[in-house]
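Working from the sequences, and respecting the hints, build out all of it.
Chain by chain, the residues run as shown.
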Amino acid sequence: MFYLFSGIILICSLLTITTRRILRAAVYLLCVLLATAGLYFMLNYQFMAAVQLTLYAGGIVVLIIFSILLTHHISHRFKHPDLTKLVMGISAAAIGSGLVIATILSHKFVPGTAPELPVNMTEIGNQLLSTGKNGYVLPFELISILLLAAMIAAIVVAKKEKNKNSEI
Amino acid sequence: MSSNIYDFSKLTGSVHAWLSGLMSSGWVTFTELVLVGLVFLLLYALLGLFLVYLERKVCAIIQNRIGPNRVGKWGIIQTIADLVKLLLKELIPIRKSDPLLFNLAPFIVIICSFLAMAALPYAKGLQAIDFNIGVFYVMAVSSLSVVGILIAGWSSNSKYSLIGAMRSGAQIVSYELSVGLSLLAIVVFTGSMQLSTIVESQANGWWIFKGHIPAFISFVIFLIASTAEINRGPFDLAEAESELTAGFHTEYSGIKFAFFFLAEYMNMFIVSALGATVFLGGWMPFHIGNWEGFNHIMDFIPSAVWFFTKTFFIILIIMWFKWTFPRLRIDQLLTLEWKYLLPISLFNIVLIAFIVLMGWHF
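In order, the protein sequence lines correspond to chains A and B. Take numbering that gives the first Met the number 0: the last position of the first sequence gets the number 167, and nothing is skipped along the way. Take numbering that gives the first Met the number 0: the last position of the second sequence gets the number 361, and nothing is skipped along the way.
Please keep in mind that the hints were generated in silico from the structure rather than gathered at the bench. Just so we're clear, the structure is a prediction, and the values are computed from it rather than from any experiment. Each hint should be verified, as a subset may be incorrect.
[Unchecked claim] Distance condition first, Cα-Cα at most 25 Å in a straight line; then the derived DSS-like pairs of lysine-lysine:
| id | chain 1 | residue 1 | chain 2 | residue 2 |
| --- | --- | --- | --- | --- |
| 1 | A | K78 | B | K95 |
| 2 | B | K95 | B | K158 |
| 3 | B | K56 | B | K72 |
| 4 | B | K72 | B | K84 |
| 5 | B | K56 | B | K84 |
| 6 | B | K338 | A | K158 |
And the structure:
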């Protein structure tokens with residue numbers, strides 16, 4: 000199963016960047032994210048898998064598809080990129096992946112001896128809001144404030160639009 | 000208390016033991032996968048056909064008509080005849096469409112509803128997967144079907160489909176919030192997202208009774224928001240016949256159209272089953288506090304009967320909605336969600352958290 004999922008991830012990632020139709024790229028990206036969720040399910044980390052499904056597949060990809068729907072026509076095709084851009088891009092990708100692979104290969108992985116812990120929702124919730132050791136309350140609050148600011152900003156932007164055309 | 004309810008895990012356990020005696024463990028797992036798959040496929044097809052028939056009959060009764068009555072007794076084979084007709088129909092390829100995505104979209108929609116069905120508890124001990132995040136899983140999976148609808152609308156290269164898909168996307172994405180928040184209300188009461196735990200916690204009374212008025216409010220919000228999320232009337236803007244011919248599936252024909260149609264009805268079933276499980280106790284019989292005798296009598300009705308009765312009760316309410324209320328405009332639809340339902344459900348969550356904190360619920 001692992002090879003199946005990783006195969007899907009690899010092939011679809013390649014297809015995402017090689018396809019010339021933008022919506023197909025979005026759908027291949029969706030496949031990549033779904034296969035990643037499948038990997039999380041294999042690890043028995045269902046919470047992470049469901050978050051992956053909701054946030055990435057259900058949220059971000061839908062947003063991407065939505066914006067494509069608004070801006071692109073179906074007959075639109077991307078041109079093949081210039082040779083220099085292609086070479087530059089491939090070399091940058093090669094250097095990046097080379098670094099990552101070198102790091103992974105040089106690191107000695109020791110199989111964990113700790114017993115498998117059940118991922119309990121209550122524990123995740125408590126850990127997220129705990130101020131003690133390994134508590135995540137500070138990042139949690141920071142992200143909440145960031146989100147609040149973004150939401151207020153969105154409302155402000157929407158309000159300006161509303162004043163311009165009084166129709167809606 | 001509910002000891003004499005038949006436990007289906009005995010049946011599945013004996014099947015497992017029988018198979019284990021016949022073959023090695025790898026093959027046992029494989030055979031069980033195939034068996035479970037076949038059962039779900041059968042359930043899916045039969046329920047889909049029955050729901051279409053039920054919808055036509057309910058609609059007919061509400062509109063003072065007779066409904067299908069020619070094929071079979073009370074027209075009961077009508078939907079099977081329709082299915083055969085749909086299977087035989089020509090699949091029309093659209094020349095200027097995106098063929099890959101055009102063919103992919105129905106499958107995305109139908110796979111999502113299959114995935115959601117897997118986590119529902121049908122009877123005591125009868126549940127394919129019991130995730131510890133059951134409610135969240137069902138929400139996550141059902142939120143994916145909007146991708147299928149958006150792709151279907153875009154790839155058929157027709158303005159009706161595109162507008163239908165856009166409307167449906169905006170609608171599903173916004174109403175998902177209310178569905179999630181109203182389910183969260185019961186999750187706060189139970190303290191668990193596991194569907195089996197939620198059902199077990201209702202052994203001494205369903206949450207809609209135990210949770211005072213806030214639980215009832217969230218049940219009503221759940222009904223409204225889930226009706227909108229499955230694109231059914233009065234929120235069926237995505238396929239408003241009078242303006243958009245058939246919305247996002249205008250260009251689909253034959254069995255591909257049937258897939259969308261079936262998935263829509265099955266989504267209705269899934270939503271109702273989820274509502275029945277979370278608010279109305281799922282397969283748990285109707286129990287009142289400490290009335291041992293009464294509870295004992297109720298236990299004699301099989302748990303699957305309880306589950307399907309409650310589910311069909313909610314389905315009938317949703318159908319009643321569709322044939323009673325006129326269709327909303329898109330701006331009314333979004334106003335209803337963002338200005339009314341969402342603030343109410345947010346306030347409701349705070350109220351419920353307070354009730355749970357003070358220990359006022361039963």
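*Of the hints given before, which are not true for this structure?*
As far as the earlier hints go, not one is violated by this structure.
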